[in-house]
Each structure stands twice: as C-alpha cells, then as structure tokens.
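Using the sequences and the hints given, assemble the complete structure.
The numbering used here numbers the first residue of the sequence shown as 4 and each following residue consecutively.
Calculated from the structure, these hints are not laboratory results.
One should not assume that every hint holds.
[As the list claims (entries may be wrong)] Taking lysine-lysine pairs in the DSBU-like style, the calculated list, with each CA pair at most 30 Å apart, reads:
| hint | residue 1 | residue 2 |
| --- | --- | --- |
| 1 | Lys544 | Lys441 |
| 2 | Lys304 | Lys240 |
| 3 | Lys441 | Lys521 |
| 4 | Lys450 | Lys376 |
| 5 | Lys529 | Lys449 |
| 6 | Lys450 | Lys386 |
| 7 | Lys342 | Lys270 |
| 8 | Lys321 | Lys240 |
| 9 | Lys18 | Lys138 |
| 10 | Lys304 | Lys359 |
| 11 | Lys270 | Lys321 |
| 12 | Lys544 | Lys449 |
| 13 | Lys18 | Lys39 |
| 14 | Lys376 | Lys395 |
| 15 | Lys476 | Lys544 |
| 16 | Lys270 | Lys304 |
| 17 | Lys304 | Lys342 |
| 18 | Lys376 | Lys386 |
| 19 | Lys359 | Lys342 |
| 20 | Lys395 | Lys476 |
| 21 | Lys476 | Lys450 |
| 22 | Lys441 | Lys529 |
| 23 | Lys544 | Lys521 |
| 24 | Lys529 | Lys450 |
| 25 | Lys449 | Lys476 |
| 26 | Lys100 | Lys39 |
| 27 | Lys359 | Lys386 |
| 28 | Lys449 | Lys342 |
Remember, predicted model here, so these are calculated numbers, not experimental data.
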Amino acid sequence: MNRENCLITENFERKDYHLSVIRETAAQLSCVRHPKQILESFLMSAQGGVGALGGFALLTGENNIGGSTLLCRGIDTIQDQYINDLINQVSDCIINKSDSSPFFIQNSTFILLLACPIEDGRLVLMGLTQAMHGKEYDSDDRQLLMSIASLFQISLNSALFSTRVELLNAQLQKQNIDLDRQVFHLNALRELSLEAGQALNVESVLSAFLPTLLGRFSRYQGIVAVYNRETGAIYLKSMGIEPEPVINDSSQVDRMLFLTLAGVQNKHIQPLQVEPLIQMEQISSIIQGFVPESGFLFLVKEQMYGALLLGSPLEDRKLSEQEQELLFASVAQSVLHIKNADSFDTIVNLNRDLAKQNEALRQTIDELTNAQKRISALEAAAKRIAHIITRKADRLMHVRPLDFVLIIGISIIIGLIFNLQSPKGIPIMPIPRPDLVKSISVEAAKKMIETESISPLLIDARPREFYDISHAKGAINVPPYLFDSIYPISFANEDAERPLIIYGRSFSRLYDEDVARKFFNYDHEKIYLVEDNFERISTLKTDNKKTSEEIK
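In structure tokens form, the structure reads like this:
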C-alpha cells in the first residue's frame, strides 16, 4: 500500500513539474519576438523538461532552402546531408497530414524527433538524445514536448507575422507618401464624423466642421454660413479672417448665397446635395480681407441653404484629385451632420413644447382630481349637514328649557368675544373716571361759556354719523377712535389750562368719558362732562375758533 502511495505521489509531482515547465515556457516565449531567440527558448525548455543530455533545433529558410537556423546543445554539429534527408522525410509526412499540428517522426539517430510546420511554409525540427536518468521517454514526456511545441509554434507564427507586417508597413510607408496623406484625411473625416456626430445644434456642428477642415487641408482662412429662410436663423462661423465678418442681416446672407450660386455649374440643387464652385471671381470681394480660393454651395433641406469658402493653402501646391474627392466627401458628410443637428434641434423644441403641454395637462388633472376630492368632501359634508338639520328639525318639536339656557349662554359668549375683538367694543367693567374730571349740568355749562375769561372748548365725543345728524352749535367733533389722529394736528399747541366741556354718550357707550380720559392723559386738567339728555345739551352755544370743519 505504501508503494502505491509513493507511486501516486511521484506521479503527481511529475505532472506538477511538467505544468510548471509549460508555464515558464509560455512566459519566456511571450516576451521574445526574434525567431532565433524563440527557437533557443524552445530547445532549452524541451531539453530541460524531459532531462535530455543533448539535442538540436532547426528552423528552415524560405521555401525550406537556404538561410536555415540550427542550434545544438550537448551534441556536435549535424551534417547537412542528414538535415536534407530529414527535411524530405518530414515534408512527405506533412503532405499526408490533414492538419499543421506538431508530430513525432521515427529516426534511428535521435530517440525523440519532433516536427512543427510553420504557417509561412517553413519547418522546425527538434531532436533529443537519451535522458540523463537513463530511462526511456514515456507518454508523459511526449505529451510535455507536444505542449511545448504547440506554444513554440504559436509564438513563432506570431513573431513571423508581426515581422512581416512591420516589413510591409515599412515598404508601404516608403513607396506611397500619398497614401499616408489619404489616411490622414480619412482620419480627419472620421474625427469630424465623431465630433460633429456629438453636436446637438447647427452652431456646434459648424464649430467642429470648419477648424477640422482648415487644419486637415492646410488652410488658414475660411468661412461657412447657413441660412434657414423658414425661421430666419443665420449660422456663421469664420476663422483667420481679420476683421471678423459679421452677417446678421438676411439681405447680406442672401447676397452671399446668390453670388455663390452664380459660381456653381448645377443651379438646381437638391436637399443634401453639395456643388463645388467653378468660378470664384464674383465672390472675391464679398468679404473684406478674404479672397477665397475654393468653395462649395449646399442645400441642407428645403429653404435652408449654406455656403463654404476656403482661403489659399499654406503649402504652394494644388490638391490632388484624391484630396479633392476627400474634401468634397468631408463637406458632404458635414452637410449631413448639419441636417441631423437641425432635425435634433427641432425634435428638442417639440419635446420641450410637449413637456410644457404635459406639465399643464398634469396640473389640470391634479386640479380636477383635487376638485373632485373637494366636491366629494362637500357632498359628504352636505349629507352630514342635511342629516344634522333633519335631526335638529325633529328635535325642534321638543324644545327644552336647557335649549334656551344654551342659546342665551352661547349668545353671551359670542357677544363678549365680538365685543373684545371689535375696536369699538364696550368695556365689560367700567373704567374709573379721573378725579379731576367733573360732571356739570347744562345750566352750569352755559354759565361757564358766558362768564369764563378763556372761552371753553365744547367737544362732541360721539361718532361722526351722530354728529352729522345733530350737535350743539360750535361743538368740535372728536370721536374716541380718531382722537390719536386729531389731537397732534389740532390740539398739540392748545393751552392745557383752557376748560374743556365734553358731551356725548349712548345707552351702551360712554364716549364722553373715553375722550375726557384721553385729554386727561395729555395733561388737560379742566375737563367737564355734561351728563344730561341730548335735547338740553344741543341748546349749548359757543364761539370756538376751531370749528368741526377745520378739525376735518
């Protein structure tokens, strides 16, 4: 049992070692690009992986003749005749094989001989001598060599392919400079497409279109104008022109487009069609400080025209036919982007209007919903009120003494609350009259008016509507609620020693006492109240200088 465990452990360790060899070989081959170095890593990994004492690796030249690369480790140099015979033997085997995977061949000179066909038609041969441990190579060793050979085959094919690509690129760069220029312009066309494709309005497209076009075709001056006759919108972009042109009038842009139309061959332009200018003389002086060398007229859509004018090139040469085609394609592509941007802008405006309408509709729906809720609440309240009224009406037929008490109590409470909130409310508890305020009769008031050296002021304290109906002759109307407004104007300079005769009260309000108390607060000491019926008070007369009209 222990012997079997040892064999299993040894088998696992050997397989783990083979996997580590495969990983190391893959890492080495991934960092090498030269065929000879790849061949050397292949031989070392194979020889070290199976423990071979010696071996060789051969990479044949083009078409398997001449230029072969031979590496030997632990053995002497191999004769050319042996190599030729080996190549012929392997070639016959490859013809009979249906795939190009590595395979072993029989040979008496080397114990293991492996062949790897390469994609370009060359061959790689590797031969190994006996192992250091003296045992024969088993199936695991052969499988390890096949795995290493597959990695080598992939790495060498990739290196040879990369080398061929580099050589082809170098030859193409040397042989065709015009092709590079075309690639440059095609890249510009692609960049223009990417940048203009992200633009959301016409101005953004023109801002991306004109600089790209001038930079790629070596122009330092240019101008592009687009005019939408339907909306009156004018889009203008210029570069390198001093002073910067300003076209904000429809007549100016119409003149520019008309002169441009005169220089094209085809006068009937269809939407998204671009026409090059063949005559430049008529537009040479249209813009101050700018002499166009080439130009295009295009139609974005119905009633939306555009013109592109380019200045002289930086290089003293004319554009080739292919460059002219690329320039035309760039302009045509930009016209398409302008059309898309204009359509997108129109869609955005429509969506904005639709969003406003949806918002208004949503608000209307919310208002209707709220109104419906309020109506439902009012209907429910109306039903409850109707039920209450019906119930109360039924109860009215059975009046109780407690109902009268409640009605009177509620009325008193409401009256008190209203009286407290009203600016003309009646004090619940009478406010004590100042001691200096004295009551006199009508006769005493008449006598005071006639005998006093300083004529007293006769003041009517009732509200204005009572005063207008009837009042004592010469009385001044000073209601309590207007006292604070009247006093600073008419009584501020009045002598505080002048007697004041005040009258005016009703069943519920003592207006005269309110006014007397206010005069007393302003240091008037000679204040007299006439507490008699109004018929007798109205017989009073005074020659006051301040009349009621003056007070007003």
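Outcome of the hint check:
1. Among the hinted pairs, Lys544 with Lys441 is consistent with the structure: their alpha-carbon atoms are about 20 Å apart, no more than 30 Å.
2. For the hint linking Lys304 to Lys240, the alpha-carbon distance of about 19 Å falls within 30 Å, and the restraint holds.
3. Distance hint between Lys441 and Lys521 is fulfilled; the C-alpha atoms sit about 15 Å from each other, no more than 30 Å.
4. The straight-line distance between the Cα atoms of Lys450 and Lys376 is roughly 75 Å, outside the 30 Å bound, and the hint therefore fails.
5. Distance restraint check for Lys529 and Lys449: the Cα-Cα separation of roughly 16 Å lies within the 30 Å cut-off, and the hinted pair is therefore satisfied.
6. Annotation: proposed proximity of Lys450 to Lys386 is violated, straight-line Cα distance about 71 Å (limit 30 Å).
7. Between Lys342 and Lys270 the alpha-carbon distance is near 21 Å, which keeps this suggested pair within the 30 Å criterion.
8. Under the criterion of a C-alpha separation no larger than 30 Å, the hint pairing Lys321 with Lys240 is consistent with the structure, at around 25 Å.
9. Distance restraint check for Lys18 and Lys138: the Cα-Cα separation of roughly 17 Å lies within the 30 Å cut-off, and the hinted pair is therefore satisfied.
10. Among the hinted pairs, Lys304 with Lys359 is consistent with the structure: their alpha-carbon atoms are about 28 Å apart, no more than 30 Å.
11. With a CA separation close to 26 Å, the supplied pair Lys270 and Lys321 stays within the 30 Å bound.
12. For the proposed pair Lys544 and Lys449, the alpha carbon gap of about 8 Å is at most 30 Å, so the pair holds.
13. Of the supplied pair hints, the one linking Lys18 and Lys39 holds, its CA atoms being roughly 29 Å apart against a limit of 30 Å.
14. Between Lys376 and Lys395, the direct Cα distance comes to roughly 28 Å. Compliance with the 30 Å bound is thereby established for this hinted pair.
15. Note on Lys476 and Lys544: the hinted pairing holds, with a Cα-Cα distance of about 5 Å set against a maximum of 30 Å.
16. Only pairs whose Cα atoms come within 30 Å are accepted, and Lys270 paired with Lys304 is accepted, the gap being roughly 15 Å.
17. Under the criterion of a C-alpha separation no larger than 30 Å, the hint pairing Lys304 with Lys342 is consistent with the structure, at around 7 Å.
18. For the given pair, Lys376 sits about 15 Å from Lys386 by alpha-carbon distance, which is consistent with the 30 Å threshold.
19. Distance check on the hinted pair: Lys359 and Lys342 sit about 26 Å apart at the alpha-carbon level, within 30 Å; holds.
20. Proximity of Lys395 to Lys476 is assessed by CA-CA distance (about 57 Å); at most 30 Å being required, the pair is judged violated.
21. The hinted pair formed by Lys476 and Lys450 meets the criterion: a straight-line CA distance of about 16 Å does not exceed 30 Å.
22. Proposed proximity of Lys441 and Lys529 is supported: the alpha carbons are some 8 Å apart, at most 30 Å.
23. A distance of roughly 24 Å separates the Cα atoms of Lys544 and Lys521; the hinted pair therefore holds under the 30 Å criterion.
24. Only pairs whose Cα atoms come within 30 Å are accepted, and Lys529 paired with Lys450 is accepted, the gap being roughly 15 Å.
25. For the suggested pair Lys449 and Lys476, the alpha carbons sit about 12 Å apart, so the restraint of at most 30 Å is met.
26. Between Lys100 and Lys39, the direct Cα distance comes to roughly 27 Å. Compliance with the 30 Å bound is thereby established for this hinted pair.
27. Proximity of Lys359 to Lys386 is assessed by CA-CA distance (about 40 Å); at most 30 Å being required, the pair is judged violated.
28. At roughly 103 Å between alpha-carbon atoms, Lys449 and Lys342 are farther apart than 30 Å, so this suggested pair is violated.
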